[in-house]
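Visitor: Produce the entire structure from the sequences given, and follow the hints as far as they go.
Chains as they are written, first to last, in the working numbering: chain A, 1 to 278; chain B, 1 to 156; chain C, 1 to 776.
Hint data in this document are derived by calculation from the structure and do not stem from the laboratory.
Worth double-checking, as some hints may not be accurate.
As a list, the in silico BS3-like pairs of lysine-lysine whose alpha-carbon atoms are at most 27 Å apart [what the hints assert, rightly or not]:
1) 118/C / 63/C
2) 3/B / 160/A
3) 85/B / 757/C
4) 85/B / 27/A
5) 302/C / 382/C
6) 15/A / 24/B
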Amino acid sequence: MISFDFDYYKANNAKEAYNKYIELENKNKDVFYYNGGTELVTYARKGKINFDALIDINNIPACREHKINGEKIILGASLNLNQITEKNYFPLLSKSVQVIADHTTRNQITLGGNLTGRLPYKEALLPLLVTDAKITTIGKDGFKTRKITDLFDKRLKLNKGELLLQIIVRKDKADLPYYQDRKVKQSDIDYPIIHIAAIKENDDIKVAFSSLSAFPFRNNKIDKIMGNKDLDNEQKITKIKDNLPGAINSNQRAGKEYKEMLFDSTIRDCLECLRGAN
Amino acid sequence: MKKYENYTEITLKINDETFNLIVKPNETLLNVIREKVDLTGPKPGCENGDCGACTILVNDKPIKSCMVLAVEMDDKDIITIEGLKNTEIQKAFIDKDGFQCGYCTSGFIVNAYALLKKHNLPDQNTIKEWLSSNLCRCTGYEGIERAVKKVLDNRR
Amino acid sequence: MSFIIEKSIKRSDGEDKTSGIQKYLNDYSFTGLLHTAIVTSKQPHADILEVNIKEAQDTRGVKKIITGKDYPNPMGLYLGDKPPLAVDKVRYYGEPIAAVIAKNKQDAINAANKIKVKYKKLKPVSSPLQAIKDDTPIIHKYLDKYTHIPDVIPKPGTNIANHTKIRKGNYDTIFDNAEVIISECFEFPPGDHVAIEPRAAIAEINSNDDVTIHSTTQAPFVVKELLAFNFNIPTGKINVIAPPIGGGFGGKAGLQLEGLAYILSKAVNGKPVKVVNTREEDLISSPGHIGMQAEVKIASNKDGKILGMDLNYYFDAGAYADYAVNVSRAAAISATGPYKVENLKCDSYCIYTNHPFATAYRGFGHIELGYVIERSIDILAKKIDIDPVKLRLKNAIQKGDTTPTQSLMDDNTGDLKACIKKTAEMIDWNQGAYQHVDDNTVITKGIGLLWKSPAMPTNTDAGAILTFNNDGSINLNNAIVEIGQGTKTGLAQIVSEKFKMPIEKVHVTHDVNTQTSPHDWATAASRSLMMAGKATMKACDDAIKQLKNLASTVLRCPVEDLSVGYEKVFLSDEPGIFVEIKDLCLGYVYDNGNAIGGQVIGRGNYIARKLSSMDPETGEGRPGLEWTLGAEAVEIKMNLKDFSYQITKAASTMDVGKVINPDLARGQVTGAMAMGLSFARSEGFNFNSLEQIENEDLREYKILRYGEHPDYYVEFIETPQKDGPYGVRGLGEQGVIGIPGALANAISRAVRKEINKLPLTPESIYQELKAGENND
Ligand SMILES: Cc1cc2nc3c(=O)[nH]c(=O)nc-3n(C[C@H](O)[C@H](O)[C@H](O)COP(=O)(O)OP(=O)(O)OC[C@H]3O[C@@H](n4cnc5c(N)ncnc54)[C@H](O)[C@@H]3O)c2cc1C
Ligand code: FES
Ligand code: FES
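Guide: This is the structure in C-alpha cells:
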C-alpha cells in the first residue's frame, strides 16, 4: 500500500511529457517519469521515495520503437526486457538483460528504467557501453543524440527532466563476437556479484563491468590492457586491478576477497573465450 | 494528456467482464482487483515483486500486479486465476498435487498457463526460466513440475 | 483389503485452491472494519525515552493510537516476558512499539510514519555465547518476576531463559579412556518460516463482551486460552475462528497478532480491527526460526561404537522466550539424534539475545540438533576411517534401547536400519560418495538420520464429532486447521474407511470455530492425523454402535448380527436384509408415522497417555509420545573454482507406521526436504555491525526457488504405531530434519574440509577454506 497521494499523467508524445515535467517542476512538485514502474511502485510502498506526480511515458511512440533501421538498431526506452530478448537484434544485450530479476518481472522492467533507476547494477548498460551506443533524449535544448559513454559517469548524467527516449546501436557492432558472464551469490534470481560484458573488435577488446565496485563502468585503460598482446592473462589481471576506476567493494552479495577471486576467474574465462574469436 | 488525480474512473476488462471502477493513482492493480473487483485469487505475498503470488495476465503476459498501478491498466485486458477455471493446467495442479496450502497456487497456475500458451513444448530451461519467478514454501516444487509435465505429455 | 486407506485420494480443497476461490483471512473484508499500522524499532537494543504521538494523532482518519504504556504487563506462552508493544525498552530490531487504528490502511500508515520514537542506544547482545559472558548486558532485568510454567527453568540475573539438563549413565567418566574423541563447534543464525501468506488477525468485541477473533492460526484453542489468561477474559467468552492458512510451519502456532488485535479492538469500543503483517513485518517483527551455537563431544571405540556424548546446545531465542524455551527443551529430549547412547550429558540452554525472537518451527528443535549431530557423526566416521553409512548402521537406535530421557524404545519403534539401507540405495551410495567429473567439478553425497518425537503437553488432546445429514452423508467436526498438509482429506478417508462409504459423502469442517468444534491442542507437532484420527475413529465407532442399535429394533435382530457399510446397516450373513443409513441417522420413521431413535451423534476423543514430566537434574521421564525415525541423503554437484553448487538429488526414507494417502505423504516429505535444503543452503538473517537486519524482504532473504530443487526420492517403511489409527505416526515435519546435516556432509566431502557453519553459501565455504589454510 502506497501511503501518499499523487497525480498520474499519461503522455502521448515526448514533448508533452517533457513540458509537463517542467511545468510541475516549476510548481515545486516532485515528479518522476513512470516507465515499467517496478522501482517507483515498490520504493513508494516502502517509503523510500515520495512524489507528487508521475508521468507515464509508455504511450510515447518513440519509447516503443523496436526496429532495425539500415545500419542502426533502434531500441525504445519503454521496451521491456523480455521484448529485447525475444527480438534479439542485439545478442549481447539479450544475454545481459535476460539475467535481470526474474522472467515475470522482465515483462515489467524497461530498458530505460534499468539505465536510469536508483539501483547501481544497471546490467543493461554494459552492452551499450562496449558498443559505443548512442542515446536520444528530450530536454531543454529539444531532442539530442549523444554517445552513452560521454554521458555515463557512475550514472547516466541526464539533466533535470531530461527524458531518455531511445538507444541506438550500430548493427555491425552488435554483431561482433562477445563474452558475457554474471556471477551470483547463490540464486540466479538475485542482484549480481559481478556482471561482465565484452566485445572483440579486430584485435581490440572492450569490456564493461557492473557490481564490481559501487557503480558500473567501462574504462579505456582496461580495454587497452585486455587487448595488450605483450601481457599474459595473469599479468593482465594484475594490471587491470591496478587500474580500476573504483575499488572492488564488499556488499551484501559478497565480500571483497571472494569477489576478487571471482573477478580473476571471470577475466581469465573472458580472455580465453575471446582469444580465437573473430 | 490524460490526467488521473484523486478518484478517477477507469475501465478494466477482467476475465471477459468489464468493470468501471473509481480508483486513486496510488492504488496498485493487486489491491484494486482484490478490494474493488472482489477477485481475491491474486494474493499479496510480499508486495515487492519477489514472490509472484499476485501474478495475473495482461494481454497474455504474466505480470506481478503488486508492482503495477491500476490507472496504468485503464482499458487493458486482464486475466486472473478465477478466469482459468477448467483449463488443462488448473486440473493438472489438482491431479499432480501442485499445491498444498494453496497460497502461492494462483500465481503459479497463471504463470504456467501463460508459459504453456506461449510455448507449445517448452524445454526444461524455459520452464525453469518462467516458473522461477514464483515462490512456494510448501511443495518443494515437485508437484508443480509434474503438473506442467502432465500438460506437455498430453500435447506430445 | 482396505476400502480407501492407502489410496491417493485427491484433496477435497483442490478445486477451490486452484481456481482462486479458497478464502484466506486477508481475503475477507466487511463494512466498518478498521485498519492498522505498526511502528517498529530500528534499534536492536535501546531504552525508549519517548514515543511522541502528538502529530500522528491529528492525522486524517486516525481513530486511536496505542503505545506500550497502555498495556505494560508482560505475557507469554510459557514464560511471561513480552508486553504486546514495547514499554520502556526495545529488545530487537523490528519490535512493535506503537499501533495506529484508522479508517483505512493508507491513513494508518501515514499516521504511523509521524510517530517519533527517541531512543537511548544500548549495547546489543549478538550471540548466545556472548550473552552468557559475565560482562554482557542483561536483556531482561526482571526475569525473576516473570511467571512461568514449572518445566521452564530460567536463571534470573543472566540471559538464560531456560536450562534443560540431561544426565544418563557414566557421563562423567566415559571420555577418560575413550579410544576416539571428536570435539566440534557449530552455529547458524536465526531466520524465518517464510510462509507465503503473512500473518493476520481480526478482533471484535460485542456489547456482551464476547470476543471474536479471526486469525491465521494453527492453534485456535491456544489463542483462546492464552487470551483468556493474559487479558482476564472468561474463556467461554472468546471465540476463535481459523480459516485455512497459507502455510504455517510452526510460525502460526502460539499467540501471534491476536493479542494485539484484541487490545486494539478494545481501544475502539470493540469495533472490528484488522492487523495484517507486511512481508517485512512477518519476517522481522513476528517471531521466526531459532538460531544456535553448539559444542559437541563424542567418544567412541576405534570400531565406531559410540560410547558417550557431551552436548552443549546454546539456542538463540532472540529477545523473548515464546516457544523457544520449549524448543530448547525438546532438543534436549532428543539430544543425541537416533543413536544408541548410553552415557550422556547434555545442557540445552535457551538464551536471550537482541535478535528477533524465535517460535516453533517445523521440526521443533530437531532440525537444529539433527544438523549438529549428523555433522558430528560424519566427522567421527572420517576420524576412524569408516564409511558414514556403516557407522550409522552400527549405532542406529532400535527397539529396547533407551532415549536420552531414559525412556524405553518400545514395540512401536520403527526400523531405522531399513530406512538407512533404503536411502543409501536410492542415492546410489555404493557407487561412491565422491566422484570426479572433471578438474573443476565433483559430485558428492551426504547422509543424515533423523528422529522426532512431538514436543507437547502431557495432556495433549483431540476430539471429533460426527453428525449426519438426511441423505445419510456425514459431517465430521474437529479442530484441525487446514495448513496445507491435507489432514482433512486424511480424516475423511478414515471416516470413509470406517463406514465403507464414498468419500464424497464425508464432509469435514472447513473453518475451525472454537465455540462449536471439539477441543484440540493445536495443528502442530505432526500429531494431527494420529490424534484427531484416533478421535475420529472413536466417533465413528460410537455412531456405528448407535446405528446398529437402532437398526436392530427396525430389523428385529440382535445387534451382533449387524454390519455397517455401503450406506446401509445390514445383516452380516444376509446382506439383502438392510436398512439405509439415511433412514436411521435422524431417527427412524415407521410407515404409520411413529418415530424412534432420534439423531445419531458420534463422539470421539483422544488424550495422550502416560506422558510424564522430566526430572530437573537428569531429565528422566517420558515426555515424548512416539518416535518417527528416518534417513535422508543429498547429492550435490560442485564447481570447485568458485564453490557454487547444485543440489541434484535428495532422498528420504521414514518409518511412518502406515501411509494413509501416499501422494499427500510424498508431498509433505518433498516440501519438508525443500525447506531443510533452503534453510541450510541460504537462509538466516544477516546482521550488520549494529545488529540491524539487512535482509528484511524476500529480495534479500533467499528461499529455494523453482529449478533450484533437486530430484526427490521418497520411500516409506511401515512398522505400525499400534496406538495410531491404522498404525500411523507423524510425518508432517520430519522430512526437514536430516537434510541440513546431509547437505553439509556432502559439501564438506566435496571441499575436503569440515564446514560447520550455516548457511552454506559458496562464499562462506570459500571463507572456511581460507581460514583453514591460514591455520595450517
Ligand atoms: C523483483 C526485481 C528484481 C530486480 N533485479 C534486478 C537485477 O537483477 N539487476 C538489475 O540491474 N536490476 C534489477 N532490478 C531493478 C530494476 O531493473 C530497476 O529498478 C529499474 O529501474 C526498473 O525499471 P522500471 O522500468 O520498472 O523503472 P521505473 O520504476 O518506471 O523507473 C525507475 C526510475 O527510472 C526513471 N526513468 C525510467 N525511465 C526513464 C526514462 N526513459 N528517462 C528518464 N528517466 C526514466 C524513473 O523516473 C524512475 O526514477 C530488479 C527489480 C525488481 C522489481
Ligand atoms: S505480492 Fe507481488 S510479487 Fe509478491
Ligand atoms: S502451496 Fe503453500 S506456498 Fe505453495
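Visitor: Are the hints correct? Go through all of them and say.
Guide: Hint by hint, here is what the structure shows:
1. In summary, the hint linking residue 118/C to residue 63/C is supported, as the alpha carbons are separated by about 23 Å, within the 27 Å threshold.
2. The hinted pair formed by residue 3/B and residue 160/A meets the criterion: a straight-line CA distance of about 22 Å does not exceed 27 Å.
3. The suggested pairing of residue 85/B with residue 757/C is violated, with an alpha-carbon distance near 46 Å, which exceeds 27 Å.
4. Taking the CA atoms of residue 85/B and residue 27/A, the gap is about 50 Å. The hint is violated against a cut of 27 Å.
5. Pair hint residue 302/C plus residue 382/C holds up; C-alpha atoms about 12 Å apart against a cutoff of 27 Å.
6. Taken as a hint, the residue 15/A and residue 24/B pair is honoured in the structure, with Cα atoms around 26 Å apart against an allowance of 27 Å.
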